[in-house]
Structure formats: structure tokens, C-alpha cells
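Trainee: Listed below are the residues making up each chain.
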Amino acid sequence: MFICNHCPFVKHVNPEIVKLAAEYEKKGIGFIAISSNDVENYPQDAPDLMKDNAKQMGYTFPYLYDATQETAKAYKAACTPDFYLFDTNLELVYRGQLDDSRPGNGIPLTGRDLRRAMDALLEGKEIDQDQKPSIGCNIKWKA
Amino acid sequence: MSRTPSNMLPLGTVAPEFSLTDTVTEKTVNLQALKGKREH
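Line by line, the protein sequences give chains W and Z.
Heads up: the first sequence at position 65 corresponds to 65 in this note's numbering, and the numbers run straight through without jumps.
Numbering-wise, this note's numbering comes out as the position in the second sequence, counting from 1, plus 143.
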């Protein structure tokens, strides 16, 4: 998943991604968080503050800093948060939103969409290809 | 607050390899080392 420190959309989903990682890491799914934001214009996303944020939020997964933004480009990441789920062959099986909840829309944060995809993947079932895009802050590209 | 949607990378795309710094451990890690451990 592509996330960052400062974006309100990420702050909104933080409790759920921590919960999901706790539940699904023990089932064998690896979680990786990456921040690719330009830290010159967005100093809140600097790597030392990412480290602080990871500790504060209780991230059990690595929080990687994509200084060159090459990884975000390779994954065609657009926003934070942006979620990707790969199978054991590292082929993409789900991408898009965590669930329908957004800051202020009143819909409870459940992780429903990503949960369904991970459950189907673990059970060897077909994953619904009707997938909704995530919505968030744009990745802060360097000029 | 800008609202930007995912690009929705095509399903079936193979995860691009990367090598990045873990901000917590300050070590360089890659996808192969971090991917899930579940076998077929």
C-alpha cells in the first residue's frame, strides 16, 4: 500500500490497516507500506517522521521511503492510500480502495473490500473483478 | 484537500521489484524479502 504521514485520508484508515495487518500477517500475507511523497515540499512526510509515525500508529509492517519516486511510478500509484494485493506468483489480484469509508462520510471503517479480496485469495476462490478505486490525496510528485 | 483516485493498474500485472529504505530499521529491503510467506 502507498500511504504517507500527513494525508487525512490515510489518517482516517490507519486504525483499520493496523488491524488488518495483525489479522492477515499471521495468515501469511505480507504487508508493505511505502511513502513516495516529495519531502522537500511536504516535510511532514520525511523519513525520520515516517519512523515516528510507524511507532505511534503501531505499524507491524515495514514503512519504506521511496526517495526517487521510482517505485510509485512502477506501480502507477496515484494517491494515498492506494492498495494493491498480489498472489503468491506476485500477480495483481486486487487494487483500489480499502472500503467505502472516507473522512466525514459516516460510513464505518471495516476494510471490507480488501478483506473480501484477501479472504478469497486465502481460500483459493475467485476474486471479484468489480473493484473500486481508492480516493485520497495525490502523491506529491517532485517537480 | 485534493481527491485523487487510483489508476487501477491492470489485474495480472506482476509486482515490480523494488529496493527501498525501511524508515524504522534504516535497512534497505526488497520485495523478495518482504513478500508473504504462504506457499501454494
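There could be a bad hint or two in this list.
Cross-link-like lysine-lysine pairs, in silico, BS3-like; alpha carbons within 27 Å at most [unchecked claim]:
(1) W:Lys26 to Z:Lys170
(2) W:Lys19 to W:Lys76
(3) W:Lys125 to W:Lys73
(4) Z:Lys170 to W:Lys73
(5) Z:Lys180 to W:Lys142
(6) W:Lys132 to Z:Lys170
(7) W:Lys140 to Z:Lys170
(8) Z:Lys180 to W:Lys140
(9) Z:Lys170 to W:Lys125
(10) W:Lys55 to W:Lys27
(11) W:Lys19 to Z:Lys170
(12) W:Lys132 to W:Lys51
(13) W:Lys19 to Z:Lys178
(14) W:Lys11 to Z:Lys170
(15) W:Lys19 to Z:Lys180
(16) Z:Lys170 to W:Lys142
(17) Z:Lys170 to W:Lys51
(18) Z:Lys178 to W:Lys51
(19) Z:Lys178 to W:Lys140
Hints were generated in silico from the structure; no laboratory data involved.
Trainee: Hint by hint, say whether it matches the structure.
Mentor: Here's how the hints hold up against the structure:
| no. | hint | result |
| --- | --- | --- |
| 1 | W:Lys26 to Z:Lys170 | holds (23 Å) |
| 2 | W:Lys19 to W:Lys76 | holds (26 Å) |
| 3 | W:Lys125 to W:Lys73 | violated (30 Å) |
| 4 | Z:Lys170 to W:Lys73 | holds (22 Å) |
| 5 | Z:Lys180 to W:Lys142 | violated (34 Å) |
| 6 | W:Lys132 to Z:Lys170 | violated (34 Å) |
| 7 | W:Lys140 to Z:Lys170 | holds (24 Å) |
| 8 | Z:Lys180 to W:Lys140 | violated (32 Å) |
| 9 | Z:Lys170 to W:Lys125 | violated (36 Å) |
| 10 | W:Lys55 to W:Lys27 | holds (23 Å) |
| 11 | W:Lys19 to Z:Lys170 | holds (25 Å) |
| 12 | W:Lys132 to W:Lys51 | violated (30 Å) |
| 13 | W:Lys19 to Z:Lys178 | holds (19 Å) |
| 14 | W:Lys11 to Z:Lys170 | holds (25 Å) |
| 15 | W:Lys19 to Z:Lys180 | holds (19 Å) |
| 16 | Z:Lys170 to W:Lys142 | holds (24 Å) |
| 17 | Z:Lys170 to W:Lys51 | holds (12 Å) |
| 18 | Z:Lys178 to W:Lys51 | holds (21 Å) |
| 19 | Z:Lys178 to W:Lys140 | holds (26 Å) |
Hints 3, 5, 6, 8, 9 and 12, counting from the list given before, are not met by this structure.
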